[in-house]
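Engineer: Now for the letters of each chain:
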Amino acid sequence: MAIGISEDLGGSPAADPGAVAALTPPGRGRRLRLPRSPKILVGLGMLAFFVLIAVIGPAIAPDNPAASSSVTGSVPLGPSAAHWLGTTQLQQDVLSQLLAGGRSTILVAFVAGFAATILSILIGVTAGYVAGRTDDLLSMLTNIFLVMPALPLLIVIFGFLPSSGGSDDPLIAVIIAITGWAWGARVLRVQTLSLRNRDYVESARLIGERGWRIIGFEIMPNLIPIIASSFLFTVLYGVGTYTALTFLGLVNPNHWSWGGMLFYAQVSNAELSGYWWWFVPPGLAVALLGTSLALLNFGIDEFINPRLRVAGLSRRQARQDGAQALPRRFVLGLTPVIRKGQR
Amino acid sequence: MHAIARRIGFYILTAIAAVTVDFFIPRVMPGNPVDAVLAKMQGTVVTQATRRALELQFGAAGTPVGLWGQYVHFWSTVLHGNLGISTSNGMEPVTTVIRGALPWTLGLVGVATLISFVLGTLLGVLVAWRRGSWLDNLLPATTFFQAAPYFFLAFLAIDLFATKLGWFPGSRAYNQLDFAAFNWSYISDVLDHAVLPALTIVVASAAGWIVGMRNVMITTMDEDYVLIAQAKGLPKRRVIWYAARNAILPSVSSFSLAIGFVVSGALLTEYVFSYPGLGFLMLTAVQESDFQLLQGIFLIVTLAVLAANLAADFVYVFLDPRVRQEA
Chain D
84 MAIGISEDLG GSPAADPGAV AALTPPGRGR RLRLPRSPKI LVGLGMLAFF
134 VLIAVIGPAI APDNPAASSS VTGSVPLGPS AAHWLGTTQL QQDVLSQLLA
184 GGRSTILVAF VAGFAATILS ILIGVTAGYV AGRTDDLLSM LTNIFLVMPA
234 LPLLIVIFGF LPSSGGSDDP LIAVIIAITG WAWGARVLRV QTLSLRNRDY
284 VESARLIGER GWRIIGFEIM PNLIPIIASS FLFTVLYGVG TYTALTFLGL
334 VNPNHWSWGG MLFYAQVSNA ELSGYWWWFV PPGLAVALLG TSLALLNFGI
384 DEFINPRLRV AGLSRRQARQ DGAQALPRRF VLGLTPVIRK GQR
Chain C
10 MHAIARRIGF YILTAIAAVT VDFFIPRVMP GNPVDAVLAK MQGTVVTQAT
60 RRALELQFGA AGTPVGLWGQ YVHFWSTVLH GNLGISTSNG MEPVTTVIRG
110 ALPWTLGLVG VATLISFVLG TLLGVLVAWR RGSWLDNLLP ATTFFQAAPY
160 FFLAFLAIDL FATKLGWFPG SRAYNQLDFA AFNWSYISDV LDHAVLPALT
210 IVVASAAGWI VGMRNVMITT MDEDYVLIAQ AKGLPKRRVI WYAARNAILP
260 SVSSFSLAIG FVVSGALLTE YVFSYPGLGF LMLTAVQESD FQLLQGIFLI
310 VTLAVLAANL AADFVYVFLD PRVRQEA
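Residue numbers (the numbering used here), protein chains in the order written: chain D, 84 to 426; chain C, 10 to 336.
A hint or two may mislead.
[To be verified] Covered stretches of chain D (in silico footprint by chain C; criterion: 3 or more residues with CB under 8 Å from a CB of chain C, positions within the stretch not fixed):
1. 221-231
2. 317-330
3. 350-364
4. 371-381
I should point out that these hints are in silico values taken from the structure, not numbers from a laboratory. No experiment lies behind these values; they were computed from the predicted model shown. Backbone N, C-alpha and C fix where the C-beta goes; we use that ideal spot for every residue, glycine too.
Input sequences plus hints: build the corresponding full structure.
Structural biologist: The structure is reproduced here in structure tokens:
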């Protein structure tokens, strides 16, 4: 069903209503299986670690991230006992900058993700539920935001801000959210469109339930996995975008962030001089934070569409679970889903 | 063709929206771009007419023309191909400056995106086909490369392949001292310089294609027609071809979402490599407060992305007969 979208801009697997059709039947008695997937567990663990860094990082930093330990040296020093991750050109402690820099990145990304998710729910669910002319208008708006390249737009916006501006974290988050809500809105619209004609929604309408109640109590609960996935996607987008903007020196020259560390490294040509300890830690931190979010997202995708699961399919694990009768190589038309303890 | 006409209509609308956004940004933002530009123009004779033109361009206070009049004026300049002057490039017209940088970006991003799409799709098919084998371990690795910022990968590429190993040059698009004529040594020099930026873009963007293709391919492999193809005893390669041909459609149609990300990342990659394309130019424009160049580049980049989308739509209509019949 994800195929053949001519008027839409394309289908990600998560937008596949056919796959989601098997989703939670309304009602109870279904235990949340989510936390058992290794992807979810690893992703959650990593994310928790980064959130912890964001909370306590600035407090446990060994040095003041801006302070120079020596005024005479002008060459970045490699990792040593005094500076575990070496120093920058100005003899600042890289580890302290790394610990202090997580807070703004994570804060902006989550605020942006939150704001964008609210926007996408408002616009996407409305468009899907109301249909007709409103839907046409809202979908068009969504698609326009979707194809317009976001980073060039943000560069123009922040380029026009006077240099004193652009240091207000919540404002930056909201501007990022404005460029990042469209994807979620489109996925939510498609799913709402498929849900609104289901029998149980139809019967709620026949009983005479009001529109907002149908949306809030009948449709929204079934959108939760998709909302969660689009939230994570937007947070991931926020991490990348905020890092890019700070890396370009467009926002937040005043306090530390991972992108800002990379900005200073680039200005000093750290990559051409081989000062890897300066740019690898912040870059790695951003990449791992992004990986944790993406892993969570994969976990949710597999929850929505069980066929995508890999873990249940590895032969070794299958044997451990006592299913010897499995074919040597899984072929077509056959998706064995093996659960632990099911013998 | 109905489907294509609709899409073209949509892209025209998006282009109008982009011009409108371009028009409103300087008017919504605090700060006074007119003074900033005039400060940059020191050394040239600033007449009253220049000042008036700039005020009209940026909508500064004191312009006698109303907002609608300014908007109409903005459109007429854009449609005449006049994007203003670039203060950071010796007062040359913005269009000339962009024309100098555009081929580099088109070449680099175009080729890298093509390689990434083909490579990623093939790998996605392979990973889906060998589901449950060691190839599944490829997925977490690609996730990491996808989550890592483009410019960080560019840093790593420069540090490893340019500084430590010295295999490829780590900045610029050609060796400026050698530039004598358009001959083979120049071309090979250009290719040599393009390897690392292209590699960065391919590594960073292939992951999306791999995962997307794998996911659709796995779903497609469960379809009845694939099962029948295999039951008939068709060679395995043939069966994969049948499944992959159908699974590629969502990848083509999600191209529009991806190209925006790739272009954004490529702009940053150019910046790190000092590659003389639009991205590098755009960031110089920011640093130099060259506002008209900034606005011009945003327009051109958006139009280029729309053109790429249109091309993907044509491919889609070519690949999927159902879209053709809809009309």
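Engineer: For every hint, state whether the structure bears it out.
Structural biologist: We went through each hint and held it up to the structure:
| no. | hint | verdict |
| --- | --- | --- |
| 1 | 221-231 | holds (count 6) |
| 2 | 317-330 | holds (count 5) |
| 3 | 350-364 | holds (count 8) |
| 4 | 371-381 | holds (count 8) |
Checked against the numbered hints listed earlier, the structure breaks none of them; every hint is satisfied.
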